[in-house]
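S.K.: In order, the protein sequence lines correspond to chains A and B. Throughout the first sequence, residue numbering follows my numbering, covering 1 to 716 in sequence. Throughout the second sequence, residue numbering follows my numbering, covering 717 to 870 in sequence.
Hints listed in this document are in silico derivations from the structure and should not be mistaken for laboratory results. The C-beta atom is built at its ideal place from N, Cα and C for all residues, glycine as well. Errors might be hidden in some of the hints.
What follows is a set of in silico ranges between Cβ atoms, one per label pair, in the way DEER data are often shown [stated by the list, open to error]:
no., chain 1, residue 1, chain 2, residue 2, range
1, B, Gln-841, A, Lys-185, 43 to 53 angstroms
2, B, Asp-770, A, Lys-191, 41 to 51 angstroms
3, A, Asn-496, B, Asn-833, 56 to 66 angstroms
4, B, Gln-803, A, Asn-528, 30 to 40 angstroms
5, B, Arg-796, A, Arg-463, 42 to 52 angstroms
6, A, Ala-638, B, Gln-719, 33 to 43 angstroms
7, B, Gln-841, A, Pro-500, 58 to 68 angstroms
8, A, Ala-638, B, Asn-869, 47 to 57 angstroms
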Amino acid sequence: MSSTLDRRTFLTRAGLTLAIVATPSSLKVLAMGPAATAADVFSPGPWLQITPDNQVTILLCKSEMGQGIHTAIPMIVADELEADWSQVKTEMAPVEAEYADPVHHMHATFGSQSIRHLYQPLRKLGAAGREILVEAAANKWNVAASQCEAIQGKVHHKSSGRSFSYGELVEEASSLPVPENPRLKDKSEFKLMGTPVARRDLPAKVSGEAKFGLDTFVPGMLYGVVARPPAYGAKLTSYDEQAAKKVNGVRHVVEFDRGIGICADTIDAAWKGREALNAQWGPGVEPGLSTASMDKYLADALDMSALEARNDPGVPAALRQASKRVHATYFLPYLSHAIMEPMNATAHVQADRCETWSPSQSPSGVQQVAARITGLKPEQIQVHTPYLGGGYGGRGATDGVHEAVSLSKATGKPIKVIWTREEDIKYEAFRPGYGHRIDASLDKTGKVTAWSHRVAGSIVHGRGRTPPFVDSGAVSGLRDLQYDIPNIKVDYIWVNKPIPVRPWRSPSGSHNGFTVESFMDELAHAANQDPVEFRLKHLQHAPRAQRVVELAAEKSGWGKPLTGAEGRGIATYYTDEAYVAAVAEVSVDRKTGVIDIHRIVCSVDGGPIINPDTAEAQIAGALVMGLSAALKEKVEFADGGVKSANFSDYHTLRMSQAPNIEVHFVDSDAKIGGLGEPSLPLAAPSVTNAIFAATGARIRRLPLTPERVLEALSRV
Amino acid sequence: MAQSITLKINGQSHTVEVEPDVPLLWVIREYLQMTGTKFGCGIAQCGACTVHVDGQPMRSCQLQVSRAVGREITTIEGIREDHPIKQAWIDIQVPQCGYCQSGQIMSAVALVDKNSNPSEEEIIQAMDGNLCRCGTYTRIKQAIYQAAEEVRNS
Chain A
1 MSSTLDRRTF LTRAGLTLAI VATPSSLKVL AMGPAATAAD VFSPGPWLQI
51 TPDNQVTILL CKSEMGQGIH TAIPMIVADE LEADWSQVKT EMAPVEAEYA
101 DPVHHMHATF GSQSIRHLYQ PLRKLGAAGR EILVEAAANK WNVAASQCEA
151 IQGKVHHKSS GRSFSYGELV EEASSLPVPE NPRLKDKSEF KLMGTPVARR
201 DLPAKVSGEA KFGLDTFVPG MLYGVVARPP AYGAKLTSYD EQAAKKVNGV
251 RHVVEFDRGI GICADTIDAA WKGREALNAQ WGPGVEPGLS TASMDKYLAD
301 ALDMSALEAR NDPGVPAALR QASKRVHATY FLPYLSHAIM EPMNATAHVQ
351 ADRCETWSPS QSPSGVQQVA ARITGLKPEQ IQVHTPYLGG GYGGRGATDG
401 VHEAVSLSKA TGKPIKVIWT REEDIKYEAF RPGYGHRIDA SLDKTGKVTA
451 WSHRVAGSIV HGRGRTPPFV DSGAVSGLRD LQYDIPNIKV DYIWVNKPIP
501 VRPWRSPSGS HNGFTVESFM DELAHAANQD PVEFRLKHLQ HAPRAQRVVE
551 LAAEKSGWGK PLTGAEGRGI ATYYTDEAYV AAVAEVSVDR KTGVIDIHRI
601 VCSVDGGPII NPDTAEAQIA GALVMGLSAA LKEKVEFADG GVKSANFSDY
651 HTLRMSQAPN IEVHFVDSDA KIGGLGEPSL PLAAPSVTNA IFAATGARIR
701 RLPLTPERVL EALSRV
Chain B
717 MAQSITLKIN GQSHTVEVEP DVPLLWVIRE YLQMTGTKFG CGIAQCGACT
767 VHVDGQPMRS CQLQVSRAVG REITTIEGIR EDHPIKQAWI DIQVPQCGYC
817 QSGQIMSAVA LVDKNSNPSE EEIIQAMDGN LCRCGTYTRI KQAIYQAAEE
867 VRNS
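Work the whole structure out from these sequences, hints included.
M.R.: Okay, here's the thing in structure tokens:
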């Protein structure tokens with residue numbers, strides 16, 4: 001949008017986008033038609049096309065995994081464009097550079113970045129389209145553009161009452177230059193943004209028609225399943241290829257870098273073939289790896305040599321001169337993403353092209369993997385991204401695509417790979433377990449003068465770099481601690497274990513929210529101060545942070561008597577350019593150790609809100625996921641591999657334990673922030689701080705199982 | 717050995733060649749390509765595969781296809797669009813990723829068709845076997861209350 005498109009570029013773009021259409025709803029590949037001519041499409045930028053039939057098409061570089069982005073993106077464009085919402089449709093963009101996220105240049109959805117990266121470009125795109133359409137109408141009427149106005153899909157000539165629909169202006173508009181700095185609407189002119197627009201994907205998700213990755217069918221496809229090592233790094237010792245091939249319906253047995261693939265006519269035949277294969281494996285690279293060995297390792301790691309993430313020179317002196325020293329150690333377990341749609345992918349490799357269908361957060365990553373395995377060029381890989389049955393960081397993984405493409409290349413057939421739940425838990429990359437040790441000093445007035453923090457965990461943001469190095473997934477939220485503390489030291493200890501790890505919703509906040517906000521509570525009590533007042537005193541440079549703390553306190557009735565619940569706990573956090581705070585109200589059954597969370601009141605300042613209804617859903621949903629981790633989740637290891645198998649032993653939160661959640665947004669014109677992750681870090685510490693308020697028991701290890709709660713109560 | 721098995725799903729007959737011990741879920745999804753019914757766990761722990769068999773909610777991952785013969789099977793596609801539960805799911809904007817929602821809706825339909833004035837405890841009892849990783853539980857409850865009211869008033 002920063003430059004005027006020349007006609008040749010424009011034609012190329014129009015032709016490409018019309019030839020390849022992959023929508024989450026239809027999964028259809030349209031037949032290659034003749035390249036569009038300029039008269040057929042008005043496209044002021046790659047993501048937007050208007051056609052003579054008045055259809056406004058918005059091409060998406062973001063995956064829909066529940067966050068409502070396939071509604072928010074068109075809302076922004078359509079609002080600035082003054083489009084008729086009923087004439088707007090969306091399609092996944094081809095995985096090509098010109099359609100990519102303008103900041104990280106990928107087709108990828110992570111880090112609560114979609115709106116942060118796209119808000120301004122999308123507004124500018126819509127506004128440019130509106131200005132050109134107005135100019136096109138003015139030209140056709142031979143009047144001044146200032147006499148014309150765009151309203152809901154039409155341009156009107158004010159004095160004469162004449163109007164053109166956008167479709168009627170396509171030919172004229174496509175001959176005009178794209179303005180570099182179109183006038184954006186004032187907030188008061190918004191018609192869609194800031195209103196609770198119904199999500200466009202929900203009718204199909206309620207009728208059952210929505211197509212997720214697992215719902216892909218390609219003519220002639222076979223089902224692929226893979227036998228993989230039970231322990232990390234275990235080597236294959238034997239398998240019975242003939243026995244597998246004897247199973248009715250089994251067509252191919254393929255040994256490849258991920259294990260042994262069985263390709264069969266039906267999914268049940270593939271599973272029977274895998275059983276008959278009777279693959280045998282040697283020991284893993286760390287045969288003694290277990291839950292207990294990892295718990296011990298994380299504890300021991302806190303005394304191992306560390307990498308410096310931040311080291312303010314005044315820390316040792318401030319700690320020495322403390323009026324009071326406070327220290328604590330915290331531990332968090334490995335977590336599964338436990339995505340409801342198990343890992344799956346479909347691929348069809350042919351001589352000169354490859355098509356993939358996968359529920360991926362990273363279509364760019366899918367394209368790269370498929371290109372590497374097939375030896376084809378990225379532009380020969382056509383990536384389809386249907387709806388994702390959940391993502392949470394886990395669906396950036398490309399294992400399913402790796403397997404489907406490998407098996408399709410080996411067999412020449414389209415292959416649909418399906419992981420069972422057991423495979424999805426056993427072979428996924430987890431949120432690392434973490435160990436934290438914090439040592440801090442208070443002065444006479446109860447101000448924190450130094451904060452020294454050691455964190456041990458594996459690297460989640462390691463793409464392409466050789467460890468050891470300081471992982472931002474471990475130290476974000478620590479080295480940039482939001483509190484006014486003059487001396488901060490952060491040390492990172494790299495945990496080098498064979499357990500694969502990757503980002504999990506709020507990668508750093510999911511553990512640092514717990515440790516920082518638990519410890520702030522411990523410091524407040526050590527200083528004999530109210531936890532809300534104590535936080536406000538240490539946030540004086542950050543008025544937006546203060547505002548959310550005050551709002552959560554006010555809306556929850558902080559300081560007032562409780563009804564029903566026994567204790568309140570507060571937590572606040574800043575991540576993804578959004579400020580959040582929450583107050584949890586809990587009671588604790590002294591006999592069983594069961595925690596009842598009565599209510600969570602959450603406040604948010606994430607700047608302007610595109611869709612308040614989906615924004616509320618994201619904030620509440622991330623809190624529920626955080627509560628699930630806080631109360632229930634822990635991956636178990638045994639014999640050098642994963643012991644956890646299914647939802648029968650990897651428990652996630654059910655309705656019976658989900659509290660009522662109230663979300664309050666600050667009316668804010670600050671820079672727009674992300675909303676998919678920021679509230680998650682609040683869940684665990686707001687609850688553990690409330691447990692402390694209710695019982696005097698401080699719990700420093702997650703999850704909050706009844707046994708652990710009872711043990712903590714017994715120490716009070 | 718594969719057998720010819722005829723199933724009655726959403727009022728229509730479907731005949732498939734399938735081994736009799738294959739769970740109904742996979743026959744509905746992969747053989748008949750009726751994909752509204754979802755696979756989540758395979759061991760009746762998540763509820764994503766919930767269908768109605770003779771009017772009762774059941775986990776289709778646990779029912780061998782041969783045992784579904786002669787029974788009335790209803791899937792998400794067989795619940796009418798204007799059913800108060802489906803309407804409420806849209807009104808309240810319940811789904812996020814949506815993957816578990818077919819199962820949630822099938823459990824909720826079975827509840828309100830039987831009980832048009834469920835208490836919170838009854839809702840939890842009916843719905844606690846359905847996992848949602850996106851955390852839509854509060855909206856599910858709201859939608860069930862709304863749908864139940866709609867049933868009572870109609």
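S.K.: Now look at each hint and say whether the structure bears it out.
M.R.: Evaluation of the provided hints:
Between Gln-841 (chain B) and Lys-185 (chain A) the C-beta distance comes to about 49 angstroms, which sits within the given range of 43 to 53 angstroms. A C-beta distance of roughly 50 angstroms is found between Asp-770 (chain B) and Lys-191 (chain A), which places it inside the suggested range of 41 to 51 angstroms. For Asn-496 (chain A) and Asn-833 (chain B), the hinted distance range of 56 to 66 angstroms is satisfied, since their beta carbons lie about 58 angstroms from each other. Under the hint 30 to 40 angstroms, the C-beta atoms of Gln-803 (chain B) and Asn-528 (chain A), about 55 angstroms apart, miss the expected range.
Between Arg-796 (chain B) and Arg-463 (chain A) the beta carbons are some 48 angstroms apart, a value that agrees with the proposed interval 42 to 52 angstroms. Distance hint for Ala-638 (chain A) and Gln-719 (chain B): a CB-CB separation of about 40 angstroms, consistent with the stated range 33 to 43 angstroms. The hint said 58 to 68 angstroms for the Cβ distance between Gln-841 (chain B) and Pro-500 (chain A), and at roughly 38 angstroms that hint is violated. Separated by about 55 angstroms at the C-beta atoms, Ala-638 (chain A) and Asn-869 (chain B) satisfy the suggested range of 47 to 57 angstroms.
Violation of the numbered hints given earlier is confined to hints 4 and 7; the remaining hints are satisfied by the structure.
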